[in-house]
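Participant: One-letter residues, chain by chain:
There are 2 protein chains.
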Amino acid sequence: MTESEFDIIRHYFTDRQSRRADVVAGIGDDAALLHVAPGSELVVCMDTLVAGVHFPESTTAAAIGHKALAVNLSDLAAMGAEPAWATLSLTLPASHPDWLKAFADAFFALADSHGVQLVGGDITRGPLAVTVQAHGFVPAGQALRRRGARPGDRVCVTGTLGDAGLALHEGVSVPASLQARLDFPQPRIDAGLALRGYASAAIDISDGLLADLGHLLEHDGLGAALQVDALPRSDAFLAGLQPLGTEAEVLFYELPLSAGDDYELCFTIPEKRHNEAERRLAEIACDCTVIGVIEELSGIRCYRDDGERYHPVSSGYRHFNEAG
Amino acid sequence: MTESEFDIIRHYFTDRQSRRADVVAGIGDDAALLHVAPGSELVVCMDTLVAGVHFPESTTAAAIGHKALAVNLSDLAAMGAEPAWATLSLTLPASHPDWLKAFADAFFALADSHGVQLVGGDITRGPLAVTVQAHGFVPAGQALRRRGARPGDRVCVTGTLGDAGLALHEGVSVPASLQARLDFPQPRIDAGLALRGYASAAIDISDGLLADLGHLLEHDGLGAALQVDALPRSDAFLAGLQPLGTEAEVLFYELPLSAGDDYELCFTIPEKRHNEAERRLAEIACDCTVIGVIEELSGIRCYRDDGERYHPVSSGYRHFNEAG
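For the protein sequence lines, the chains are A and B, in the order given. Heads up: the first sequence at position 101 corresponds to 101 in this note's numbering, and the numbers run straight through without jumps. Heads up: the second sequence at position 253 corresponds to 253 in this note's numbering, and the numbers run straight through without jumps.
None of these hints come from the bench; they were simulated from the model.
Covered stretches of chain A (chain B as the covering partner; in silico rule of three or more C-beta atoms under 8 Å from a C-beta of chain B):
#1 27-34
#2 51-63
#3 76-82
#4 115-127
Beyond 10 Å from chain B on every Cβ pair, some chain A residues (computed):
#5 G171
#6 S173
#7 A180
#8 F184
#9 V228
#10 L238
#11 G260
#12 K272
#13 E296
#14 R304
#15 Y310
Ranges between beta-carbon positions, derived for each pair:
#16 A:D7 <-> B:A282: 38 to 44 Å
#17 A:H35 <-> B:R147: 16 to 22 Å
#18 A:G221 <-> B:R16: 21 to 27 Å
#19 B:R20 <-> A:D287: 38 to 44 Å
#20 B:S4 <-> A:K101: 36 to 42 Å
We treat Cβ as the ideally placed atom computed from N, Cα and C, and that holds for glycine.
Same shape as in the complex, but just chain A (with noise of 0.2 Å):
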């Protein structure tokens, strides 16, 4: 612990920043001043991710600091925002400077790709825990929003489900394709302005599908019915589950419905637009799956491919009711 707060700030965080034209000033005053052009709206998020609650003690710095802004980011893609600026609050309980190399040049390596600035934060001392607000644009009243489906809209998903989850599952020997999707999941920012126009509601998986899509149902008090067979599975998920014997049957179903940390978007799509958001979604190599129909009565219900009833065993990650 040699170096102060504002050395480690300067070092490892302001001297590297790109600038975008919109930043009137970033970080070093006491606050941030932004431009935000006319005739776009501010979409703002939050989250915080804490050491032993939302990723393991053993979480590389790498890791975690591109997945503090890349879960922010999902949140973005979800309502089909544009990434702009983030603010960082970073509690540390020491200062490492190879841990906090580490944090900052994934935490910069995934901002650049999506062209955000860091434009203010603070670093304290503290247990491990990171917070990340992200700030996107877009046009006034094109935001993708969790309300506006409408029964018969078909529930879609891009990518594959359940493979952050398996990557967690206690005594799976983790491929580095599953690790991968756990430490640096991809927010699908392209997915989500492709999006806007089409989809008539959307949000993004990170507590998990049945969780998230009853928040975007609970919106306009509706309900659907999923197909559970049709749910994206990766070809690494398939494999891992392999070895687990009677335990995989379980977690075919399990994981890709209630896992959280895929960090895919799900939305919804009026039938007829639905072909047309397919070929965008597939210009822009993003894999799109519909699992189910939006449907009048509330709740989610599941059915396998026989049509039999399938009846999932949890309903998705809540903090305060869950051992976590």
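Guided by the hints, dock chain B onto chain A, whose structure is given.
Facilitator: Showing chain B alone in chain A's frame:
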């Protein structure tokens, strides 16, 4: 722990919101949707308070709820910004309704008094910590900045200094008024607004006068001469020193110079505008004291009334250098 994260958010935070017309969508989606009026710059700051670091473990929930927002509004005040929105990340070891109610009551009391709407955030489980981001507006180009002071400018502070520091000082029997300065700092929003167009530079005093004035000076490579007998001290502060004997002589200077947590504004005013600025502050019943003058020579030099140099013992709070 009977309430889920979502119920907590709803019960203590979402359902009591006052509404601003510029909030298109607040809590309840993946992100907030906000409108920034053309011609305004967005002012954004973020501060984290960690139990045991930024406040004693014994601090009441009300004090934590107030202070977490107040320290951020103080940053907005230092920019001359009008507050608008806040986001809140609350990390809690457990969910106790009494604690949450007291925290939320104090948070919203301060928010309401400044027209601030809570537009988003996060509640997570973990060691007690609170991160708040505050958002405000200034007319484009009119923000108060840390840079901008010129040699000859008067150095001024609002209110009194050292009160919170004395409340934190071990062995002091703390009168209620000093404890309130520590627990319920009042951000100088009105003073910041009044100083737009008058102050050449401004900063809020969170880490101690010497440290924060130092930040202001370093932007322009300037220095200052301070009159340490002229530092504004409250009656409660002077009374609190009385029983401390010889230590009081040291604390009389050291606390106003180096103790943090007062959240007054330190600003510079060109000599010819000083009377007018003081009159504007008097109109809003804000005390203002000239404590020194900006000089070409970098560094801060302290003088007693008799013209002798005073050499401060410490120079401000640094999280990673000192025991805290």
